[in-house]
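J.: Line by line, the protein sequences give chains G and L. Quick note on our numbering: the first sequence kicks off at 1 and runs consecutively. Quick note on our numbering: the second sequence kicks off at 1 and runs consecutively.
There may be inaccurate statements among the hints.
[As the list claims (entries may be wrong)] Straight-line alpha carbon distances no greater than 20 Å define the calculated EDC-like cross-link-like pairs of lysine to aspartate or glutamate that follow:
#1 G:Lys-57 / G:Asp-85
#2 G:Lys-57 / G:Glu-75
#3 L:Lys-3 / L:Glu-66
#4 L:Lys-52 / L:Asp-67
#5 L:Lys-52 / G:Glu-100
#6 G:Lys-13 / G:Glu-75
#7 L:Lys-98 / G:Glu-52
#8 L:Lys-98 / G:Glu-100
#9 L:Lys-98 / G:Glu-75
#10 G:Lys-13 / G:Asp-85
#11 L:Lys-52 / L:Asp-82
#12 L:Lys-52 / L:Glu-66
Note that these hints are calculated values from the structure, not bench results.
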Amino acid sequence: KAGVTQTPRYLIKTRGQQVTLSCSPISGHRSVSWYQQTPGQGLQFLFEYFSETQRNKGNFPGRFSGRQFSNSRSEMNVSTLELGDSALYLCASRWSGDQETQYFGPGTRLLVL
Amino acid sequence: DAKTTQPPSMDCAEGRAANLPCNHSTISGNEYVYWYRQIHSQGPQYIIHGLKNNETNEMASLIITEDRKSSTLILPHATLRDTAVYYCIVFSSFGNEKLTFGTGTRLTIIP
Numbered sequence: 001k002a003g004v005t006q007t008p009r010y011l012i013k014t015r016g017q018q019v020t021l022s023c024s025p026i027s028g029h030r031s032v033s034w035y036q037q038t039p040g041q042g043l044q045f046l047f048e049y050f051s052e053t054q055r056n057k058g059n060f061p062g063r064f065s066g067r068q069f070s071n072s073r074s075e076m077n078v079s080t081l082e083l084g085d086s087a088l089y090l091c092a093s094r095w096s097g098d099q100e101t102q103y104f105g106p107g108t109r110l111l112v113l
Numbered sequence: 001d002a003k004t005t006q007p008p009s010m011d012c013a014e015g016r017a018a019n020l021p022c023n024h025s026t027i028s029g030n031e032y033v034y035w036y037r038q039i040h041s042q043g044p045q046y047i048i049h050g051l052k053n054n055e056t057n058e059m060a061s062l063i064i065t066e067d068r069k070s071s072t073l074i075l076p077h078a079t080l081r082d083t084a085v086y087y088c089i090v091f092s093s094f095g096n097e098k099l100t101f102g103t104g105t106r107l108t109i110i111p
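Start from the sequences, fold in the hints, and give me the full structure.
T.: Put into structure tokens, the structure is as follows:
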């Protein structure tokens, strides 16, 4: 079974721009979560989507948004990029039964100049 | 906030067993103990999880104390490719789906 895939793997943007990252979950998984990882803050939860609905959200500003499509693929959008948004963005999928394990993708490394 | 405490770093000789401790003294009854590892700049990799019984899979063993306030991840024969940051996480999917990662333990396997 193919793992979680994320595109693009690397991205360079400038301040004020917006960016959209994509995540394809493992086949059959209905839940997709997004995380941000920076050297200073570590790995932090952004939000989770299940059946096209956001059902949990971390403490990030409204510039960070996401959505999920009917095929469970998910996108994350960051508007008005700031230098501090430079990070590794990870997505994780799971089937969404109780205690189901989350499996992570390789991440998208975003650099904001 | 992370609900676990791990040593920031550990070394282990190649071929020996690596024993990584984790304290989770405030764990609640429906929370599982999960272990992930992250090799530099890659996504976290699931290793193992358990509730109260010891668990073993092809990657590792997980020993959970009877009071569930601490656990130990054991890599039986460490190789250089096991060098990574190891995260111990307590997690329950009932009403709270997010994984909360702490700072983990940076394990270095020494040749």
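J.: So, for every hint listed, does it hold in this structure?
T.: Hints, one by one, checked against the model:
1. G:Lys-57 / G:Asp-85: 17 Å, holds
2. G:Lys-57 / G:Glu-75: 15 Å, holds
3. L:Lys-3 / L:Glu-66: OK: Lys-3 of chain L and Glu-66 of chain L at ~18 Å, within 20 Å.
4. L:Lys-52 / L:Asp-67: Status holds; Cα separation ~9 Å.
5. L:Lys-52 / G:Glu-100: Distance ~17 Å between Lys-52 of chain L and Glu-100 of chain G Cα, so the pair holds.
6. G:Lys-13 / G:Glu-75: 17 Å, holds
7. L:Lys-98 / G:Glu-52: Holds. Lys-98 of chain L to Glu-52 of chain G sits at ~17 Å (cutoff 20 Å).
8. L:Lys-98 / G:Glu-100: 12 Å, holds
9. L:Lys-98 / G:Glu-75: Holds: Lys-98 of chain L and Glu-75 of chain G sit about 18 Å apart, inside 20 Å.
10. G:Lys-13 / G:Asp-85: 10 Å, holds
11. L:Lys-52 / L:Asp-82: 25 Å, violated
12. L:Lys-52 / L:Glu-66: 7 Å, holds
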